[in-house]
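Enquirer: Using the sequences plus the hints, can you model the full thing?
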Amino acid sequence: MPIEVILPKVDMDMSSGTIADWHKSEGETVEEGEALFDIETDKATMEVESPGTGTLHFVTAKQGDEVPIGQAVAWIFADGEEVVAPAGATPPQATSAPEQKPDEVAPAVQTEAQPTLTNGTNGTRTTPLARRVAKKLGIDLSAVSGSGPRGRITRADVEAAPKQADVASPAAQVINVGGKTGAEKTAQELGLSYSTVPVNKMRSVIASRLTESKSTVPHFYLNADVELDALMTMRAQMNSALEGSGAKKISVNDLLIKACAAALKAVPEANASWDGDTIVKYDDAHISVAVSIDGGLVTPVVRSAQSKDIQTISAEIADLAERAKSGKLSSKEYQGGSFSLSNLGMFGVKSFNAIINPPESMILAVGQGTKQFVPDEQGNPKLATVMSVSLSCDHRVVDGALGAVWLKKFKELVENPAAMMLN
Amino acid sequence: MSSEFDVVVIGSGPGGYVGAIRAAQLGLKTAIVEAEELGGVCLNWGCIPTKALLKTADVRRTIKDAEHFGWSAGNAEPKLDDIVKYSRDVSGKLSGGVKFLMKKNGIKVLKGWGKLLGNGKVEVSGGKTTETVAAKHIILATGARSRTIPSLEPDGKLIVTSKEAMVPESLPNKLLIVGSGAIGVEFASFYNELGSDVTIMELLDRIVPTEDEEISTAATKAFKKQGMTILTGTHYQSCIKLPEGVEVTYQNADGTAQQAVFDRVISAVGIVGNVEGIGLENTKVEVDRGQIKTDEWMATAEPGVYAIGDVAGGPWLAHKASHEAVACVEKIADLESAHPIDKNLVPGCTYAHPQIASVGLTEAQAQDAGHNIKVGRFPFAGNGKAIALGEAEGLIKLIFETDTGAILGAHMIGAEVTELITAIGVAMTLEATEEYLMRTIFPHPTLSEMLHEASLDADDRAIHI
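Protein chains in written order, with the numbering used here: chain A, 34 to 456; chain B, 3 to 467.
It should be emphasised that the hints constitute simulated quantities derived from the structure, not laboratory data.
For every residue, glycine included, the Cβ atom is placed at its ideal position computed from N, Cα and C.
Treat the hints loosely; a few may be bogus.
Example chain A residues on the side facing chain B (calculated, C-beta under 7 Å, incomplete) [unchecked claim]:
id, residue
1, T160
2, L162
3, T187
4, R188
Listed next, the in silico DSS-like pairs over lysine-lysine satisfying Cα-Cα at most 30 Å (straight line) [stated by the list, open to error]:
id, chain 1, residue 1, chain 2, residue 2
5, B, K345, A, K169
6, A, K57, B, K333
7, A, K168, B, K376
8, A, K168, B, K345
9, B, K376, A, K169
10, A, K361, A, K247
Expert: In structure tokens, the structure reads:
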């Protein structure tokens, strides 16, 4: 019997997925566990591993096809197995894209594609007894794999759950984000008017990632004021040169991305991640840019920004932000940053401290540029546009002096922006 | 002549023929080997013909109780030959049905005795010709037969096993049944209703000893009320055949030796797997105390050879055999949904009068396993439908785990409990908790309402008691 390759459910609430790319083609040999194809949901792209070893045949869904969950997209035939068309080996009918629900948003972190149904929070996939036992044992059902029909979680699955954690399955790596705080109970007791909103996937990812960061990463903060006038002048010159070309205008943020990348290039020791017994030093500056989206945020990455020209950066971040907002980023596009930039200036925030986005070691929090009188070289008041920035550093990788060197370099580049244009 | 099959099943009982059909459904080229009638013991010499016999006993009971329901029906006299014929006709009809199912599913029926030759070969002999067939997978479904003990060697006339007991030529006046499992008490009910003076002899301290203790007590009470003699804790020792019958020597519960004469003895002391003469010596298949050792997928120690049903061990029940066969075949076909059976979820049914049914753990087993339990009970006397049917004797007993609400076991005695048990089987398979039984809307008036009441009673919430 050939092994059926089905379109797996890789995210809650998804009913179909699009084949983003095939890593293997008809007639190619595949090994169990090898990357077979990429599935693109309306939020992310994930790799699907081969469920068996053999030869790939009857690939019924091609790149770009939208396929319902559970439908066979190909078959794997074992060595020597007669290759005959299995039932269902005809191309599927493409379906129209389902309407995106507001709570279906991109998780800002990697989620491992699993070809089994593990939807533990959906009541229909957990037996009543399993729910009761999970509650009693304090086990998070979303971390439990179901062994029953259609992935239903049974009592035995719940009782085996701690063992799953031992083998560090991706699903079991759930950070404790803190349980009940008693907020609702207090509100009830005091007769306060309130409503409750269920925590969706993105919210729980944000909660666990940032709880992990703030409680395990030793943060310290460095503050500085940066004058923006030279940068604003250069930006105005650039945009007037671009006028009429149809190209997008360069924003201050685009230039700050470039400045961060250039500063990282100049201070490469700061472009690194803590990894337990080693420190990972990146050769390029991959700048994660926090983008607020409906219901949360994502951090798409401008890759190797130090060697990209400003127009490329500008176009890339515009594209990434737009796709982030419509939930069309692939996981590779929001993973693997080496530094984060978070700008709340547009909201009138003067300054703030940000939480590091692990495994990165630094995040720069940028406030609004405001006009201020500052002393010039002669001590006379000079009107300048001043922006407050705060650099959060992971002390395991970046010591105070190193963070300060980086911040000094950043300030120099912003205040003398021509230098950052040199690759 | 030689043929190659994907699957060859040896034995066509409820394990073998169900496995063959499932294999054929999955597109495997399948053959089934049977030396006797299709359907095995279950259809021909077990479950089905005994249910037909017990139905005839029910007819007698209805006529006898006619006055209770406002009818004057006179006396009913059994026509033993016709009763036996009815039972045989039912078996014949169902065996013919299995033949049809084999044909419908394209399963090759090989008449004869199947024997493993090793290396995936099966010899089929005793039919018109002897042939050898090859198979990628061989499923042993040879079943079991009545166990015999040397001091009670059946002769087919005075001392019989279940097979002869279901085709009697005459009714015994004084009948001894040694063994009080399901088979023993079913024959006790049949012969008692037909007018024999029935004695049940059991070595253990209670009849139907695998059931919950409360059920054994209720059964003892009911059987005694019907006029049977129940000897528990009694050790059968020996017998001598006399012209007027069989003189049996046994040791009472208090240790004193006793003798009594019976004109027939049914040996119902258990069953033993059919492991002989099927060529196991040509394979690595391991046998332990008369049963073939398998893993959870019914695979034996010999690659490509599987064993399911009675020959692979207890509980010796047709439905367990069928499910093992399906699990085995689906695993062979590498079906993703294949799952081994959970023996704790195999229900047991006894069709005596009153009927007995159970699934899961008894109260004592649940306690021994360390569960905190709560027990809900409901008597038939509190159920409207039972009273209308004239069946006000019986008990439903449900055992729940206190802290999780898990249904650990269900034990029932009374009219139609063999049908009622399925509801609890479904609930246990779906892992329902007690509150889901409480929430279920049971129709009125039905016997099944007692399941609801018994679950409510576990929390002291029963309505009609």
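Enquirer: Please verify that hint: T160 of chain A, Cβ, nearest Cβ of chain B, below 7 Å or not.
Expert: Holds, because the Cβ-Cβ distance from T160 of chain A to chain B comes to roughly 3 Å (cut-off 7 Å).
Enquirer: Going by Cβ atoms only, is L162 of chain A closer than 7 Å to chain B?
Expert: The hint holds - L162 of chain A has a Cβ within 7 Å of chain B, the shortest such distance being about 4 Å.
Enquirer: With chain B as the partner, please determine if R188 of chain A meets the hint condition of a C-beta pair closer than 7 Å.
Expert: Holds, because the Cβ-Cβ distance from R188 of chain A to chain B comes to roughly 6 Å (cut-off 7 Å).
Enquirer: Hint check: K57 of chain A vs K333 of chain B, CA-CA at most 30 Å. Holds or violated?
Expert: Distance of about 28 Å is within 30 Å: holds.
Enquirer: What's the verdict on K168 of chain A and K345 of chain B, does the C-alpha distance respect the 30 Å limit or exceed it?
Expert: 27 Å, holds
Enquirer: Regarding the pair K361 of chain A and K247 of chain A, is the alpha-carbon distance no greater than 30 Å?
Expert: Holds, at about 28 Å.
Enquirer: Are the Cα positions of K376 of chain B and K169 of chain A separated by 30 Å at most?
Expert: 18 Å, holds
Enquirer: May I ask you to test the interface hint for T187 of chain A with respect to chain B, counting a Cβ-Cβ separation under 7 Å as satisfied?
Expert: 6 Å, holds
Enquirer: Within a Cα-Cα threshold of 30 Å, do K168 of chain A and K376 of chain B meet the stated pairing?
Expert: OK: K168 of chain A and K376 of chain B at ~20 Å, within 30 Å.
Enquirer: K345 of chain B and K169 of chain A: Cα distance at most 30 Å?
Expert: 26 Å, holds
No hint from the list above goes unmet by this structure.
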